[in-house]
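Asks: Protein chains in written order, with this note's numbering: chain E, 1 to 309; chain S, 1 to 673.
The set of hints was computed from the structure by calculation and includes no laboratory data.
Remember, predicted model here, so these are calculated numbers, not experimental data.
Ideal Cβ placement from N, Cα and C applies to all residues, glycine included.
Honestly, I wouldn't trust all of these hints.
Claimed, not checked - In silico DMTMM-like links for lysine to aspartate or glutamate, alpha-carbon gap of 25 Å or less:
no.	chain 1	residue 1	chain 2	residue 2
1	E	Lys296	S	Asp637
2	E	Lys296	S	Asp340
3	S	Lys578	S	Glu641
4	E	Lys296	S	Glu241
5	E	Lys108	S	Asp463
6	E	Lys108	S	Asp157
As the list claims (entries may be wrong) - Partial pick of chain S residues on the chain E-facing surface, computed with a CB cut under 8 Å:
no.	residue
7	Ala160
8	Ile172
9	Asn176
10	Gln325
11	Trp329
12	His331
13	Leu333
14	Gly356
15	Ile357
Claimed, not checked - Listed next, the stretches of chain E that the computed footprint assigns to chain S, with coverage defined by at least 3 CB atoms under 8 Å from CB atoms of chain S:
no.	segment
16	36-44
17	207-218
18	235-247
19	282-288
20	292-299
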Amino acid sequence: MTSGDVLLQQLINGLSLGSMYSLLALGFTLVYGIMELINFSHFNVFMVGSMIAMLTLQALGVVGQETVMTGLPLAGVLLVTFAVTMLACGGIALSIERFLLRPLRAVKGPAAMITTIGVSYVLFNVVLLTLGTDAKNFPNPLPPIIFNIGGAVLRLREIMIWVTALVLMGGLTYFVQYTKIGRAMRATAQDPDAARMMGVEVDRVVMMAFFLSGALAGACGLIFGLYYNLAKVDIGFAAGLRAFTAAVLGGIGNVPGAMLGGILIGLIEAFSGQVVGTAWTDVVIFSLLVLVLVFKPAGLLGRLAPNKS
Amino acid sequence: MVSSAVAFVSRPFQAMSPNARKSLGLLLLAAIMLAFPLIHDDDADIDTAANALSYATLALGLNIVVGFAGLLDLGYAAFFAIGAYYYGIFTSFQVMPLWHDYWAPLASLGLVEKMNQGGPDLVHFTLSFWIALPTAAVVSAFFGVLFGAPTLRLRGDYLAIVTLGFGEIVPIVARNVDSVTNGAAGLNGIQAPKLFGYNFGIDAEPYYYVGVGLMALLIFVSIRLRDSRIGRAWMALREDETAASTMGVNLVRFKLLAFAIGAAFAGMTGVYFVAKLQTATPDMFNFNVSSMLLVMVVLGGMGSVWGVVVGALLLQLMQTWFLPQLSEWLHALGNVLNNDMLRGVDMVQWTQLLFGIILIGMMLFRREGMIPATRKMPALSFNAQHAEIKRGGFANLHNIPRWDTGTGNALEIRDVVVKFGGLTALNAVTLTVPDGGVVAVIGPNGSGKSTLFNVITGLVKADSGSIKFHGVELLGLQPHEVLEEGVARTFQNIRLFPNLTVLENVLIGQHARLSSGPFASVLHTPHNRAEEAKALVWVTDIISMFGNRLTPRAQQPVGGLSYANRRRVEIARALASKPRILLLDEPTAGMNPAETLELAEQIKSLHALGLTILIIEHKLDVVTKLADNVVVLDHGDKIAEGLPDEVRRNEEVLTAYLGRAARAAVMETTDAA
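Between the sequences and the hints, there should be enough to build the whole structure, so can you do that?
Replies: Encoded structure:
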C-alpha cells in the first residue's frame, strides 16, 4: 500500500466508525438538549442493542459468518432486525425514563445522573449474567463484496453503514425540524416551562427523546455488530465515551453538531491509530474531550440547551 | 420484659451528656476494631477486613470531593493508582537507573541501595513505607490540583465526564508505559513495610492495624475539616456557587483544595493497598473502582463521614462475606431440592448488579443515604414559632458596635457600561453613595437595577467605567475579593444554602474574616479556636438581632423556612461579614405590609448604627422611609436622582413607570392636591 492508499483506507474506516458514533452521539444530544442530563445508561442500551440484534439475526436463521444472503431475503432480514432492535431499545430507554428518571425530574443535583449510572450497571450485569463475557460471533448475512480502490479496500458492509446512518440522520432531522412533535421537542429544549404553558406535553416530549435515543442506539448496536462481526458485553463504555465526546465536540444539544462530531471522532480515531498507535487512541480521545470542554464548551456548532441559569 | 431490660441497660447512658455518650461509643468502637484480630484469629478474614478498611479510606476521600464540595468525580480511582504506582515504582525492581556516586547521599538515608545483577551497578529504590505514606499524599494532591484545574469552570455534569476521562487515562498510561510500570502485567516485588526491623511480610494482621490507624486518622481529618471554615466553604459552594463567591468564598482555591485533599486520601490508601498486596496492575484502578466508591458514598450518605465509612464496610462485607455465604446456602438448598440452577449459582457475580440496584434505589427512595449528613430537626413548638410584628427596628443591638463612618463617599460609580450582546443593560450610569448614607435605586423591571448590583459585586463584567469603593477599584475583582473589600449583598430571588442550617448560613458570612487554613483547622491551633469562638459569638449576636424570628430556628436547615425568614437569614448572612456597605436587592419583596414595615424599620436601625446602604426597592413607602437619595434607572439609563419626594414628581420617572397618558393623569391629581 502506498501512503495515499493508507490515507484512503483510514478515511473509509474513519467514516464507518464516525457513522456509528454519530448515531450514538445523537442519543446523548437529544436527551441532554431537553433535560440537561448526561444519560450514562445510553452506553449500555447500545450494548444491549447489539445483543438483541444478534439474537434476532440468529432467530431469523443467520448463523455466524456462514449464512450469506442477497437480494430480497437480505433486505427483509435486515429490515426486520433493524425494526426489532430499534423498537426494543427505544422501549428500554423509554421505560428507564418513565419509571426511574421521571420521579427525579424535579430533584436538583446529580440524582438523575447517578441513577443513569446505576441503570448502566444493571443493564451491563444482566447481560453479563445471562450471556457471559466472551466475544460472540455476530451473525452477518452480508455477502463479502469488496471494491478495491487503489490499494484501499471498501467492503459492502461499509457502504451499508454509511447508507443506514444517512437515512436515520435524515429521518431524524426531518422529524425534529418538520413534524409537530419535533417542533415541540425544540421548544421544550429552549424553555420547558414556556413550552408547557403553550400546551406542549413535556412528559411526552421527554419520552419521545428517550425513545429516539434508544432506537438510534439500537440501530448502532446492529451495525456495530455487522462491522466488527462481534458482540461483547463491554463494548458500551469505549464506544459510548467516544460518542459523548462527539456530542460535546459538535455542541451538545445540537443535532447537526452530533453528526459532525461523530464523523470527526471516527476520523480522529482512525488516523490517530495510524499515527500514535491504537493503545493510545483512548488517551487521544479523552484529551480531546477535556480540551473541548475547557476551551470551547459550546462545541463547534454551538450548544443548544435550555436557558436555565 | 424486653423493653424494661432495654430501659435498665440504657438508663446509665441516658444520664450521660451527649458528648460523653459519643466518646464512649467511639471508645467501644476502637476497642472492638483493635481486638478483632485477637478474638478472630483467621488470616483470610483479617485480610478481608484490611481490604475493607482501604475502601473505607477511599470512600472518605471521595466524600470530601463529592459529599462536601459537591464535585461529582467519576475518576477518583486515578489518585488511588497514582499513590499505588508511586510506592510501587520506588520500592520494586522495575526502574533501575545506573549507579552513580550522586546517589550515595540517598543511599545513606536508606532511600536507595546499590545493586549488582551481573552488569554495571544499578540503583534499587527502597523508599520506606512510612515516608511513602505522607509523601504520596503530597504527590497525589499535586495531581488532584492538576486534574482539577481544567474542570474549575465546568458545570457539575461536565465535571463528571472530564473526571471520568482522567480516570481512564491514568490506567491506560500505566498499561502503556511498560518501562516504568511493567505494563498490563503490573509491578511485582513491591517491598513490604518494615517497622523497627520487623518486616510486615504477608501476614494480614499488621496491615490490618495500619489500616485501622489510617482510617481513624482520615475520619478525624474529615470531621475536623467538615466542622471548620474549610468545610463550611465547601458546602456553601456545593449548595450555590454564586452565593458562595459573593459571600467571600474563593471558588478556585476551595475547589482545588477539595480535589487535593480528596486525592491525598486516595494516594495514601494506594500506598497502603499495594504495600499489602505487593503488586500493582492497571486493572486495579479502572472505572469499576471509581463507581464502586461512588456506590459506597451514595449508600452511606453524601457528606456524611460515618455514613460513608459504614457504606464502604457494608458493601465490602457484602462482597467478600455475605454473598459467598448466600451462594453456599443456595447450593445447599439446591441439593435439597435437587435443583441444578440453585446448585450452580454464584452470588458473587451478582455484586455489580446489586451495586446498580443500590444506586437506583437510593436515588429514588433515600437520596440522603443510610446515615444522612444532616439530621432532621423536630418541629418548633407553637410558642417558638409564634412571632409578633415588632415596631421600632432591631432591639438586641447592644452587642453590635457602631460602624466607623467617614465623611467622604463610600461608593463612587462612574460611567459604568454593561452590554449583553446587543442590549445595553447599563448605559454610562453614575452614582455615589456617601459614607453612612442610604441610597435607593428604583426603576421599572428590566431597567438594569440588578445588573448594577451584579457589576458592583463582580458577577458581571463591565464594558467600561469605574466603580471605586473607599478608593479601591472594584471592577476586575472577583466576587469574593469584592466581599473582602467590605461589600456584602443580598439577592432579589434569595440565594441561601438550602441544606445548611441558619447558623451555618450566617457563619459563611464570616468566611472572609477568618484565616484558618486546612492544617490549622485540623489541628485546632489556638488561633483557629479563638477565631472560631469569636465568629460564633458574632454570628449569634447577628441572629439574635432578629429576635425569635431566627433564634429558635438557628439549627434548622434554611430550605424549610418561610419566605420572609429566608430573606432575614440572607440579610443576617450579609451582616455577618461586617460589611462597610450593604447592598439589598428588593429586601421586602414578597413580604406582607406588616413584615415590610418591620424590616424597613430594622434597616433604618442599621443605618442609625452608621452602616452605609444601597437598596433596590419597588415599594415607594419603604424608599421614602429609608433613603436619603433616590436614583431612578430606566432601560439602563439614569433618568433621575434626588430626594424621594422630588423623584416622585419627576416627569420622566412617571413616564417610565406609567407611560405617557397615565403620567398626565397623575400630574393632574397631584397638582389638584
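Asks: Take the hints in turn and mark each one as holding or not.
Replies: Going down the list of hints, with the structure as the test:
The straight-line distance between the Cα atoms of Lys296/E and Asp637/S is roughly 34 Å, outside the 25 Å bound, and the hint therefore fails. With a C-alpha separation of about 57 Å, the suggested pairing of Lys296/E with Asp340/S is violated against the 25 Å cut-off. Of the supplied pair hints, the one linking Lys578/S and Glu641/S is violated, its CA atoms being roughly 29 Å apart against a limit of 25 Å. The straight-line distance between the Cα atoms of Lys296/E and Glu241/S is roughly 21 Å, inside the 25 Å bound, and the hint therefore holds.
About 34 Å separates the Cα atoms of Lys108/E and Asp463/S, which puts this hinted pair outside 25 Å; it is violated. For the given pair, Lys108/E sits about 12 Å from Asp157/S by alpha-carbon distance, which is consistent with the 25 Å threshold. Restraint check, Ala160/S versus chain E: the minimum CB separation of about 7 Å is within 8 Å; hint holds. For Ile172/S, the shortest C-beta to C-beta distance to chain E is roughly 5 Å, which falls under 8 Å, so the interface hint holds.
Taking 8 Å as the C-beta cut-off, the interface hint given for Asn176/S holds, the closest approach to chain E being about 5 Å. Taken as an interface hint, Gln325/S does not check out: its beta carbon lies about 19 Å from the nearest beta carbon of chain E, beyond 8 Å. Here the hint on Trp329/S is broken, as its CB sits about 19 Å from the closest CB of chain E, past 8 Å. The restraint placing His331/S at the interface with chain E is violated, with a minimum CB-CB distance near 17 Å, outside the 8 Å limit.
Proximity of Leu333/S to chain E is violated relative to the hint, the smallest CB-CB distance being about 19 Å (cut-off 8 Å). A cut of 8 Å between beta carbons decides the hint on Gly356/S: the least distance to chain E is about 3 Å, and the hint holds. Interface restraint check: Ile357/S against chain E, minimum CB-CB distance 6 Å, threshold 8 Å, status holds. For a cut-off of 8 Å, the count of residues in the segment 36-44 of chain E with a CB near a CB of chain S stands at 3, and the three-residue condition holds.
Given as covered by chain S, the segment 207-218 of chain E fails the check, having 0 residues with a CB less than 8 Å from a CB of that chain where 3 are the minimum. Here's how the segment 235-247 of chain E fares: 3 of its residues keep a CB closer than 8 Å to some CB of chain S, so the rule of at least three is met and the hint holds. Only when three residues or more bring their CB closer than 8 Å to a CB of chain S does the claim for the segment 282-288 of chain E stand; here the count is 4, and the claim holds. Look at the segment 292-299 of chain E against chain S: 3 of its residues bring a Cβ nearer than 8 Å to a Cβ of that chain, three or more, so the hint holds.
Violated hints, listed in ascending order, are 1, 2, 3, 5, 10, 11, 12, 13, 17; each of the other numbered hints is respected by the structure.
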